[in-house]
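For this one, chain A is given, so just place chains B, C and D with the ligands on it according to the hints.
Read off the chains here:
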Amino acid sequence: MALYSEKVMDHFTHPRNVGEIENADGVGQVGNAKCGDIMKIYLKIDNDVITDVKFNTFGCGSAIASSSMATEMIKGKPVSQALELTNKAVVEALDGLPAYKLHCSVLAEEAVKSALKDYYDKNNIAYDHSLFPNCEDCGYCEIKKEK
Amino acid sequence: MALYSEKVMDHFTHPRNVGEIENADGVGQVGNAKCGDIMKIYLKIDNDVITDVKFNTFGCGSAIASSSMATEMIKGKPVSQALELTNKAVVEALDGLPAYKLHCSVLAEEAVKSALKDYYDKNNIAYDHSLFPNCEDCGYCEIKKEK
Amino acid sequence: MQIYADNAATTKMSRTAIEAMLPYMETYFGNPSSLHSVGQAAAEALQKARESVAAALGADPREITFTSGGSEADNQAIVSAGNLGAKKGKKHIISTAFEHHAVLHTLKKMESQGFEVTLLPVHENGIVTAEEVAAAIRPDTCLVTIMFANNEIGSIQPIEAISRVCHEKGVLFHTDAVQAAGHLPINVKEQEIDMLSLSAHKFHGPKGVGVLYARRGIALSNIIEGGAQERGKRAGTENIPGIVGMAAALHEACTHMTENAAHMTALRDKLIAGLEKIPHGALNGDRANRLPGNINFCFEGIEGESLLLLLDQKGICASSGSACTSGSLEPSHVLLAIGRPHEVAHGSLRLSLCEWNTEAEVDYMLQEIPKVVDYLRSMSPVWKDLTSGKKKFML
Amino acid sequence: MQIYADNAATTKMSRTAIEAMLPYMETYFGNPSSLHSVGQAAAEALQKARESVAAALGADPREITFTSGGSEADNQAIVSAGNLGAKKGKKHIISTAFEHHAVLHTLKKMESQGFEVTLLPVHENGIVTAEEVAAAIRPDTCLVTIMFANNEIGSIQPIEAISRVCHEKGVLFHTDAVQAAGHLPINVKEQEIDMLSLSAHKFHGPKGVGVLYARRGIALSNIIEGGAQERGKRAGTENIPGIVGMAAALHEACTHMTENAAHMTALRDKLIAGLEKIPHGALNGDRANRLPGNINFCFEGIEGESLLLLLDQKGICASSGSACTSGSLEPSHVLLAIGRPHEVAHGSLRLSLCEWNTEAEVDYMLQEIPKVVDYLRSMSPVWKDLTSGKKKFML
Ligand SMILES: Cc1ncc(COP(=O)(O)O)c(C=O)c1O
Ligand SMILES: Cc1ncc(COP(=O)(O)O)c(C=O)c1O
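Residue numbers (the working numbering), protein chains in the order written: chain A, 83 to 229; chain B, 83 to 229; chain C, 21 to 415; chain D, 21 to 415.
Next up, chain A with everything else stripped away, as it sits in the complex (with noise of 0.2 angstroms):
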């Protein structure tokens, strides 16, 4: 019962896709600073193919992992597959986040949404709008502020 589970230290400590794509086909980029948590995630896309994701996040070790392991789950899965990815399937995937932390996961769902909408809109091809929603409808600021 470490603070994380081994997947997670190795996401977070040798975290997979470090970076940015220059002229990447989307961006996209979730949360803010002031709740500690900044993921941007680059997806380059070749005939509907997810053929290269990098991130960069500001955030806490089960962010930082969340993201690597996001990124994994969705290189080199055609763009339909990686809308289905879920947060859930990332905690399951990092065997396990701490309650208080699954919101990074949330946060990584997130990300990739918001990049995929961005591939999408710059190629003009139309979706259904509550396939994404924005970083304020997951609440998890508000809940916590209001505590």
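Be aware that one or more of the hints could be misleading.
Estimated spans, in silico, between C-beta atoms of each pair [what the hints assert, rightly or not]:
1) C/103 with D/384: 47 to 55 angstroms
2) C/376 with D/252: 26 to 34 angstroms
3) D/145 with C/353: 51 to 59 angstroms
4) C/353 with D/21: 55 to 63 angstroms
5) A/202 with D/286: 56 to 64 angstroms
6) C/46 with D/106: 43 to 51 angstroms
7) A/88 with D/395: 50 to 58 angstroms
8) B/180 with C/386: 27 to 35 angstroms
9) D/64 with B/166: 49 to 57 angstroms
10) D/64 with C/207: 38 to 46 angstroms
11) B/209 with D/64: 22 to 30 angstroms
12) B/162 with C/413: 39 to 47 angstroms
Treat the hints as calculated values from the structure; they're not laboratory data.
Bear in mind that the values here come from a model prediction, so they are computed numbers and not experimental data.
Glycine included, each C-beta is placed from N, C-alpha and C at the ideal position.
For chains B, C and D with the ligands alone, kept in the frame of chain A given last:
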């Protein structure tokens, strides 16, 4: 800072003058079992001098030690001098008592006085009544009960 | 010979408990709130201890709050239940006249805050019945708090029957199990206990650490405010060595409970049988429903403190409900509660054994105690009045 | 290399403290309330520890109440002063915005009970002035409670000047000296401190034990009700090993205070000078009026938890006021109180030294910390925005 001084322990474990005197010239008993202390003192008096003294005590260690010390302090003394015995003198002779045990020394003083009063009464000797307070005057039991 | 027969006051720590603590004093000294590895090693120890204590009580780890001892646990249980009750307009609490002061004085504080407290009288055998509890429950009762076993006279209460009547009427049930934990079988789920207090130093664990078990769903109120330790319900850097030592001691006590109890019960009953030969004495507390290690007698005509001190001179460490031991003139409220008159209550003797006491020690005590009682009676004016017929024997 | 630089969170116990405790765990295990010799040996140890702690603070032994830690002491001090104030119709309390939660959350509770609380703002250097305290005192002020030194940023408050203005206006003054005791000179009489809290595990003593000093004449209210321990002001069987260990540790800390402080101050200043070379970072807390062992920086563009975890990988145990370390999104209230914006407050690093840290450790930290900061900045979108000019640097 043991509970009791060595003097108290000595007089408690090896009490002097334990016993009764048949046909005593003065007998005094103070305290009550409800409060946890009863002292009874027997005096043999010849020519106004206390030639023998014995006590019986129901009570705690410091009650027994106070009785023992008080009897030692008046043995062989003229009645007039015995009358001057104070609880303070008993406490000092015992090298002190814990604050909440001071009433034991008061009881010892009273037991001696009560026996002397009995001697005066039996022999129709006139005396200053104010010298002989009643057990009730001590007020200790009442004070404690109020708390 | 030095005989320690005051295990109800406190126990000698076991090697198991000490050995369990030392690494957390010497090496793994971190603060469990710290993120680094030194802190996380402490956090892990804390969690393991919580799981171990929970298992010993049949509870869930999340239902365990570590406190600084039995008193704090009792205080927090009662204040919490009171606050929950007050929210529903229920401000009546039921307890007994012979609880520990940690309970009684907390109830006094609750009274000053507008609660009404019913202290049930106790039978001569030191037991309260479930029927009496049931009869005292009112629509505005929010808590019944009754000790598992009494610390002075060792009587064991019918906890399961009491908890059942509480739950039939929807009332929370707390039990001060400070004397029971590690000595009597406890399973909070089977016995339907909502809240339970225990203290580590009563079962060879360290001093200054205890547990409040509270069933899930019972929101605790803080006694100590501050950091978010113990799920925010008990602030203060956790006493990891103490908690780990407690868990180890409780585990050991529960593992050996049956054999320990058999050993102690045999010694206890030999002591009781032997001391009963002293005339004008009487056993306090129920003979059967009794802590395995508890012996408590009143001896007429003598006072407890002098008895204790003389026994100490002979190497016997015992205790008394005598007023003189506490600096008050009032003798033990427990002995008064079971109907002993003041005069007799002053002359009480409690021997409380643990699994390390031996038959040789019992024999020695049975040889010495009657002598000391005799000696004190020989100088007691009360005894003289009794034997001369001036006063009537009560026992 | 394993470097422990989180001594403000908790310290490693000293051999002195452990050796002092062991006999009371192994041999002299009695309950000080017991009359027999085993109990009286414990009572004697308790009294000696009380005298030793009193001497270390310039207090009278009767003014020392042993508690389960700093949090309990803080709680009891504030509740007691509040109750005394309420009796005179004075229900206003002054404190600061950067107190420990043991104080702030107790003040919240007092507010819910009809008290009014003024939290003084804190200057950028982490210091409150006596003039500001004086200006806030009202006729109905019953207590000023201000910490001796801050646990996060190490700033030392002008305690004597503050206590003087309190007493000029007849107001009680309490100080949370949990970070100061054993590290800074304390004399409650000379410094006119009415009440003071400390916690043993901050100066190489055991966890789960602390002290509330209260000047004679200040009637304490119980936080824990029950037995008559601690002159009736703190119930519960006394944690003798813990109390004895605390007294030994405090004595040792006070004996070597000057040399320890000199050693730690030198290391501290070297660390500060070295870490100041990291661009866009800033020291938190006053440079001069500062605990000898405290170093606290904010580094722009990074978040504290990830910094800590990476440092831990390199064997450096440090701490952060980052929100992520506590499971809340709000960063340290202390850093916000001294005016750090949220964004910057998230990226804080606290190193807190003790006398056992070495210059080699400092050199290692100065070698590794900048690397880790650089690495995290290299993957930080915030840092990119700052360096690209999209956002303005705050530090
Ligand atoms: C300034 C301050 N006050 C109070 C406390 C609380 O002390 P404890 O955790 O020992 O209860 C601490 C440390 O945790 C502290 O640093
Ligand atoms: C029945 C009972 N309840 C509560 C307590 C209080 O426990 P502690 O002294 O560890 O706070 C004790 C023992 O002292 C006890 O025997």
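Here's how the hints hold up against the structure:
Checking the proposed 47 to 55 angstroms range against residue 103 of chain C and residue 384 of chain D shows it holds: the Cβ atoms sit about 51 angstroms from each other. Distance hint check: the CB atoms of residue 376 of chain C and residue 252 of chain D are about 33 angstroms apart, consistent with the given range 26 to 34 angstroms. At about 57 angstroms, the CB distance of residue 145 of chain D to residue 353 of chain C agrees with the hint of 51 to 59 angstroms. A hinted range of 55 to 63 angstroms for the beta carbons of residue 353 of chain C and residue 21 of chain D is consistent with their spacing of about 60 angstroms.
Checked against the hint of 56 to 64 angstroms, the pair residue 202 of chain A and residue 286 of chain D passes, with Cβ atoms roughly 60 angstroms apart. A C-beta distance of roughly 46 angstroms is found between residue 46 of chain C and residue 106 of chain D, which places it inside the suggested range of 43 to 51 angstroms. Look at residue 88 of chain A against residue 395 of chain D: about 21 angstroms separates their beta carbons, and that is not inside 50 to 58 angstroms. For residue 180 of chain B paired with residue 386 of chain C, a C-beta distance near 32 angstroms keeps the hint of 27 to 35 angstroms intact.
Our hint of 49 to 57 angstroms for residue 64 of chain D and residue 166 of chain B is violated, since their Cβ atoms are close to 36 angstroms apart. The hint said 38 to 46 angstroms for the Cβ distance between residue 64 of chain D and residue 207 of chain C, and at roughly 41 angstroms that hint holds. Between residue 209 of chain B and residue 64 of chain D the beta carbon distance is about 46 angstroms. The supplied range of 22 to 30 angstroms is therefore violated. With their beta carbons about 42 angstroms apart, residue 162 of chain B and residue 413 of chain C fall inside the hinted range of 39 to 47 angstroms.
Checked against the numbered hints above, the structure violates hints 7, 9 and 11; every other hint is satisfied.
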